[in-house]
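**Q** Residues per chain are reported as follows:
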Amino acid sequence: MAFISSGYNPDKPMTDRITDIGPRKYDEFYPPVIANNKGKWLYHEILKPGVLVHVSESGDEVYTVRAAGCRLMSITHIREICEIADKHCDGYLRFTTRNNIEFMVDSKDKVDPLIQDLESRKFDGGSFKFPVGGTGAGVTNIIHTQGWIHCHTPATDASGPVKATMDVLFDDFKDHRLPAQLRVSLACCLNMCGAVHCSDIAILGYHRKPPILDHEYLDKMCEIPLAIAACPTAAIKPSKVEVDGKKLNSVAVKNERCMFCGNCYTMCPSMPLADDVGDGIVIMAGGKVSNRISAPKFSKVVVAFLPNEAPRWPSTTATIKRIVEAYSAGANKYERLGDWAERIGWERFFEKCEIDFTHHLIDDFRDPAYFTWRQTSQFKF
Amino acid sequence: MAKHETPMLDQLETGPWPSFVSDLKQEAASRAKNENNIEYQIPQDVVEDLIGIMELSYEHGRTHWKHGGIVGVFGYGGGVIGRYCDQPEKFPGVAHFHTMRVSQPAGKFYTTKYLESICELWERRGSGVTNMHGSTGDIIFLGTTTPQLEEVFYELTHNLNQDLGGSGSNLRTPSDCIGQARCEYACFDTQALCHDLTNEYQDELHRPAFPYKFKFKFDGCPNCCVASIARADLSFIGTWRDDIRIDQEAVQAYIGGEIMPNANAHSGRDWGAFDIEKEVIGLCPTNCMWMDGKELKIDNRECTRCMHCINVMPRALRIGNDRGCSILAGAKAPILDGAQMGSLIVPFIKVEEPYDEIKEKVIEPIWDWWMEEGKNRERLGELMKRQGFQRLLEATGFDPDPRMVQEPRTNPYIFWKEDEVPGGFERDINEFRKYHQR
Chain F
21 MAFISSGYNP DKPMTDRITD IGPRKYDEFY PPVIANNKGK WLYHEILKPG
71 VLVHVSESGD EVYTVRAAGC RLMSITHIRE ICEIADKHCD GYLRFTTRNN
121 IEFMVDSKDK VDPLIQDLES RKFDGGSFKF PVGGTGAGVT NIIHTQGWIH
171 CHTPATDASG PVKATMDVLF DDFKDHRLPA QLRVSLACCL NMCGAVHCSD
221 IAILGYHRKP PILDHEYLDK MCEIPLAIAA CPTAAIKPSK VEVDGKKLNS
271 VAVKNERCMF CGNCYTMCPS MPLADDVGDG IVIMAGGKVS NRISAPKFSK
321 VVVAFLPNEA PRWPSTTATI KRIVEAYSAG ANKYERLGDW AERIGWERFF
371 EKCEIDFTHH LIDDFRDPAY FTWRQTSQFK F
Chain V
7 MAKHETPMLD QLETGPWPSF VSDLKQEAAS RAKNENNIEY QIPQDVVEDL
57 IGIMELSYEH GRTHWKHGGI VGVFGYGGGV IGRYCDQPEK FPGVAHFHTM
107 RVSQPAGKFY TTKYLESICE LWERRGSGVT NMHGSTGDII FLGTTTPQLE
157 EVFYELTHNL NQDLGGSGSN LRTPSDCIGQ ARCEYACFDT QALCHDLTNE
207 YQDELHRPAF PYKFKFKFDG CPNCCVASIA RADLSFIGTW RDDIRIDQEA
257 VQAYIGGEIM PNANAHSGRD WGAFDIEKEV IGLCPTNCMW MDGKELKIDN
307 RECTRCMHCI NVMPRALRIG NDRGCSILAG AKAPILDGAQ MGSLIVPFIK
357 VEEPYDEIKE KVIEPIWDWW MEEGKNRERL GELMKRQGFQ RLLEATGFDP
407 DPRMVQEPRT NPYIFWKEDE VPGGFERDIN EFRKYHQR
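In order, the protein sequence lines correspond to chains F and V.
So in my numbering, the last one in the first sequence is 401, and the numbering has no gaps at all.
So in my numbering, the last one in the second sequence is 444, and the numbering has no gaps at all.
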């Protein structure tokens, strides 16, 4: 493994340096049918799950076949995507915000061969490489975070629970049977790198034990005032401790004030929270980002904790499946999950989804909590 | 023969959904074979060790990645996230495993030629594992060693005309929906605005000078496909202020069942015949639509542009012609003080090149205020909550407008300013006492 220079000279880093050039310009990458019809689209139709046609004022049509992608993707897989796009789409493709891959062709006769090609490709382990779907009143790809593959603060994995959940919801990725679209998201800790807080169903990693204090190293590894300031509930204070006869500066945590957010750990590596039984999953439901009919809204916590059951998280996937089936059976056409829950009442939601309501689900975090308590005599028995 | 046994991860290879485990294994096998005799600049078995350490996390129920160290490329304060594993003896291939964020093109369209050039670079100088894409929108290069960071950056900028994205307390790489490129709902060119602002603010994107992260996201219409309203400090959401365009013949075609409602999005179930009264008029949140004989009527002044009727009948109803965007400020995920949705600060603004009004009247005054007043790690939305919406109005100079609130305040505790009250706050106690004994 001999080092090969790119041309960069570490002794003269500014020589020929190119900076601040930004991303490549979007229109370099438009397929001709997109470049020719941008801003002229008249309407679209979903021919079947995963297949869209957009029709332009010019009479041009673009057919899009949407296939699932894993956000975690190897270059071998990307090269296979390129091979497909070269074969069917003149070397163009795009990705969606929800990690799907969109292959576009400019005439209808190119659609079926493309779909057959995509659906025929499987990994050695047996799973589909490019299942087609993810449109309309169904379930599309789960947006998610890094988890155990690359992050230092997760309370659960990301790619694993996503794979397990999408295996369970796979039929709805390829169908349009639901009352409206249903967006599932996963964040592996409450930093929430992604908008899981406004999803129809959110899978959220959560810690339940206060930080362990690595007193011997804490003052060497961390700025103690920053760790203290990082705590949103003021649970951390400076303290002096004795380790092996040595007096050390450290911190003390008032455990009953800890909300397990891990913000202290972000500032101070000597305060880890991760724990095999403490960590697990919170299920949230009923959020949305669209302004359609009702305003965007936050997801609500409907299950306070489920254990991390690697490798397939069966309690989590079973709970999600129950919510999806209850929603599918009960909601009106066009009604999002959160709108359905509000219409039937949350007391009914828990009954229909067979979820126990526990004290953890009643908000007690600061002022907004009050506005979530029932302040009317109207409720259902 | 795999380097590490992975009995738990192997269970994620079955089932229909694409398996990331199978994908990682094929990458590991490709590197082991090295059919093209690539001179790998980081360990050849990096992916095997990545799978190995992942399996260990599955056993332990805990991550094995440590905090990032301070690594980066010269002159930038973002774009690279340092990452080290806590079991370097067992998994030396991923002892250093830094992330690089590569600024994605607006709209996420690609040519295969470009993607292949990215793959070629990342195979040689990195792990060959990516995210397509990260949550914020960047192409993520997952895992390389410290000496390779400058080399990757040099090749990106010199050979691929491609820069890094943002991380840390700076402008994060902006992202957008597909917009006018392939959507009839888009009220402005999301790609053009996203690309222009990304380039205008390269300094803010690469050199952290902010109290905390700052995000722009661009949604072409109120359907909000990139979730700007939930996760961007400034959300640009397309809208219009004239009338929805109606094709009455197409309305009749929907009523007659010739065109499937909602672009056929409900094809998986028999919902019965389309009923315009129930499915469109009855669900309109402002009740501003009605049938007048065979004509669909809309009282456009009362419409709040929720998109429902247009979504249901895209061939009959189209967005208006006087288009622009609304701007909302302060959305963020829950950490620390709870999640916040964006709050409306600009009801309507035209989106026209070179976007001076958006830059000079909205973005830059808001940044000036936030950089002056924001505390360390305080997002714009938290500053708005701490100091009040009025301070945002003062910073931008916008006039208060009832469109900016859900409802007026329910308490009368108004912080009157001295210049708003005739005579000011300075008074003479002796003058007061002439009429009011102690």
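The set of hints was computed from the structure by calculation and includes no laboratory data.
Please read all numbers here as calculations on a predicted model, not as lab measurements.
Watch out, some of these pointers could steer you wrong.
To be verified - With a Cα cut of at most 30 Å, we get these calculated DSBU-like pairs of lysine-lysine:
#1 F:Lys274 to V:Lys72
#2 F:Lys68 to V:Lys284
#3 V:Lys39 to F:Lys142
#4 V:Lys381 to F:Lys260
#5 V:Lys72 to F:Lys260
#6 V:Lys300 to F:Lys353
#7 F:Lys229 to V:Lys381
#8 V:Lys391 to F:Lys317
#9 F:Lys58 to V:Lys367
#10 V:Lys391 to F:Lys240
#11 V:Lys72 to F:Lys267
#12 F:Lys142 to V:Lys119
#13 V:Lys72 to F:Lys240
#14 F:Lys317 to V:Lys119
#15 F:Lys353 to V:Lys303
#16 F:Lys317 to V:Lys381
#17 F:Lys372 to V:Lys284
#18 F:Lys400 to V:Lys391
#19 V:Lys365 to V:Lys219
#20 F:Lys45 to V:Lys119
#21 F:Lys317 to V:Lys365
#22 F:Lys107 to V:Lys39
#23 V:Lys381 to F:Lys353
#24 V:Lys391 to F:Lys58
#25 F:Lys274 to V:Lys381
**Q** Are the hints correct? Go through all of them and say.
**A** These are the hints, each one checked on the structure:
1. F:Lys274 to V:Lys72: holds (25 Å)
2. F:Lys68 to V:Lys284: holds (25 Å)
3. V:Lys39 to F:Lys142: holds (21 Å)
4. V:Lys381 to F:Lys260: holds (28 Å)
5. V:Lys72 to F:Lys260: holds (26 Å)
6. V:Lys300 to F:Lys353: Holds: V:Lys300 and F:Lys353 sit about 24 Å apart, inside 30 Å.
7. F:Lys229 to V:Lys381: Satisfied, since the Cα-Cα distance of roughly 28 Å is no more than 30 Å.
8. V:Lys391 to F:Lys317: Between V:Lys391 and F:Lys317 the Cα gap is close to 18 Å, so the pair holds against 30 Å.
9. F:Lys58 to V:Lys367: holds (29 Å)
10. V:Lys391 to F:Lys240: At roughly 35 Å apart (the allowed maximum being 30 Å), F:Lys240 and V:Lys391 break the hint.
11. V:Lys72 to F:Lys267: It holds: about 27 Å lies between the C-alpha atoms, which stays within 30 Å.
12. F:Lys142 to V:Lys119: holds (24 Å)
13. V:Lys72 to F:Lys240: holds (16 Å)
14. F:Lys317 to V:Lys119: At roughly 41 Å apart (the allowed maximum being 30 Å), V:Lys119 and F:Lys317 break the hint.
15. F:Lys353 to V:Lys303: Measuring from Cα to Cα gives roughly 23 Å; hence the hint holds.
16. F:Lys317 to V:Lys381: holds (27 Å)
17. F:Lys372 to V:Lys284: holds (25 Å)
18. F:Lys400 to V:Lys391: violated (35 Å)
19. V:Lys365 to V:Lys219: It holds: about 18 Å lies between the C-alpha atoms, which stays within 30 Å.
20. F:Lys45 to V:Lys119: holds (15 Å)
21. F:Lys317 to V:Lys365: At roughly 29 Å apart (the allowed maximum being 30 Å), V:Lys365 and F:Lys317 satisfy the hint.
22. F:Lys107 to V:Lys39: holds (26 Å)
23. V:Lys381 to F:Lys353: Cα-Cα ~46 Å, so violated.
24. V:Lys391 to F:Lys58: The given pair, whose Cα atoms are some 40 Å apart, is violated under the 30 Å limit.
25. F:Lys274 to V:Lys381: holds (24 Å)
The structure fails hints 10, 14, 18, 23, 24 (numbered hints given earlier, in ascending order).
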